[in-house]
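A.B. asks: Mind docking chain B on chain A? Use the hints.
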Amino acid sequence: MTADHDNAKKEMDRLTAGSVPGKEIKPNVAFAKLSDLMKLTSKGIVEWSRVNSLWPLQFGLACCAIELMSFGSASTDAERKGFLLFRATPRQCDVMLVAGWVTKSMIPEIKRMYEQMASPKYVIAFGECATCGGPWWESYNIIKGIDQVLPVDVYVVGCPPRPENLFSALMKLQKKIGGDIEG
Amino acid sequence: MLTRINIGPIHPSTHGVLHLVVDLDGDTIDNIEPHIGFLHRGVEKLVETRMYMQSPPYMEKIDYVAPMSVDEAYVAAVEAALGIEVNERAQYARMILLELQRLASHLFFIGALTNDVGQMFTGFMWGFRDRELILRLLEEATGQRMFYVNMRLGGLANDFPKDFKEHVLDTMNYLSGRLKNYESFLEKNPIFMQRMKGVGVLTKEDAIAFGVTGHVLRASGVPYDVRNNNPYYFYRKLNFREQTLSHGDNFARYRIKIMEMRESIRIIRESFEDMPEGDATGQMVKLRSPPVKNKTVTVSREAPRGEVMMYLVAGDQKPYRLSMRTPTFINLHVLNHIAKGNRLADLYSILGSLDVVMADVDR
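Protein sequences appear in the order of chains A and B. When the letters of the first sequence are read in order and numbered with this note's numbering, they come out as residues 1 to 183. When the letters of the second sequence are read in order and numbered with this note's numbering, they come out as residues 184 to 546.
Isolated chain A (complex conformation) (with noise of 0.2 Å):
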């Protein structure tokens, strides 16, 4: 790396040893690339990949489900900002979607889908029952968020949220884990 950050700072020296003083010069297309790739060797290229091709799981649990596959189809094109393929198996997965209200009976079924997929791993609370129980606040049989069982790094509200907050969240998710280094 420091062999490469050596030739980039000659390179910068030879382009910008006959110009005007005090005038910038805009590097050159190749040049431009090349810095490209020392801000992400420097910000690891593990991460960018990783926040370029995050793989949801197809878990729909109740109604949200419903607005996830309308995220999955034609009218919101999900592929062009990295969100690939639903996949059905947890372990191809990077996000898991918790879409819909959660009753006792699936905690355990939740928490061993969770612990099935590989690390790195993500949770999105999509949906006003992911989040705090929504309108079944009163219900005996529904848990009060998903964060009682589940670390969730991104909560979506909304009763259910349209593909396009989905979408959103999913943006935030990227920022999440890539910080600065854009898609």
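Since the hints were made in silico from the structure, they are not lab data. Since we're looking at a predicted model, the values are computed, not measured. Cβ coordinates follow ideal geometry from the N, Cα and C atoms, glycine included. Heads up, a few of these hints could be off.
Unchecked claim - Below, computed lysine-lysine pairings styled on DSS-like, alpha-carbon distance capped at 25 Å: (1) A:Lys111 - A:Lys144; (2) B:Lys228 - A:Lys104; (3) B:Lys476 - B:Lys228; (4) B:Lys501 - B:Lys476; (5) B:Lys476 - A:Lys144; (6) A:Lys81 - A:Lys104.
Claimed, not checked - From chain B, some residues computed to sit far from chain A (all C-beta separations above 10 Å): (7) Ile190; (8) His223; (9) Gly266; (10) Lys348; (11) Tyr415; (12) Arg424.
C.D. replies: Structure of chain B alone, referenced to chain A:
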């Protein structure tokens, strides 16, 4: 020797959270034991603690693919209990909204079914794209995308917006052309046909004995549709015909949905022609409701999945007891009967053709 396989509760093809314990003889299904209750949330008890018009949001979450159909059944039950009349324009408006909801639900069914039948993702994409058009119309009329809470005592929350009729009729013209595409795409596909034709046959006698309703019953050759047999609103006036087929297999259940979509488009067009001028707005939601006229009420409605029945024992300001008959709880019962003897791979197409919504089963 029998092999026991657990399917679910989390599985992409169980339409929610359903746990199936399947006993297999080789690759043939010997017995299925469905375990339900993973989405139970006690709606009937919650409704007893709410004022009458505080409950529609709970009702909409019973069948979340067609929320308005259950909501309307509940509001109609409250109207019958309190003795409130719905004016003519509001009745037509409700019919139009309900049929739009039926179209959205049936398009969802086709999308989910083609996904269940061996990853035909094109059908999923087509179904959801056309459903999105209907949802846009419903959003235009009610302001919400999925849960509308649009029914009020004696009418709707608000009348139709200005250009709504033109928008609906444009979409209906587009959709009636689209249905031909669905038919040619699906019914000329050998994979789809192999998993639909002759699979999961439910005979007429068994259908009546199990008490199934909706497209499952009509696909087995029983001409029963609440819109025709016990008509509400203006379904009788519109010369509505129920759609019946006699084969009782997966393919018949799918065909019924396509035929019903054509019928719904016709109903919407005719309703707009007959709809009188006026105001469809109902009463505002008040804290105190008017005195109860009828103590016990039973209201029956044809939801997209079958017959929804509301048995309401009216209290002073709150329902004393609300008992619901939801269609897919009973439709799911036939799964063991019709899937027995089929291959395991066909289980998903059978389950998909029954069109279950698990929140509707568990309540």
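A.B. asks: Among the hints numbered above, which are violated by the structure, and what are their numbers in rising order?
C.D. replies: When the structure is compared with the hints, numbers 5, 6, 8 turn out to be violated.
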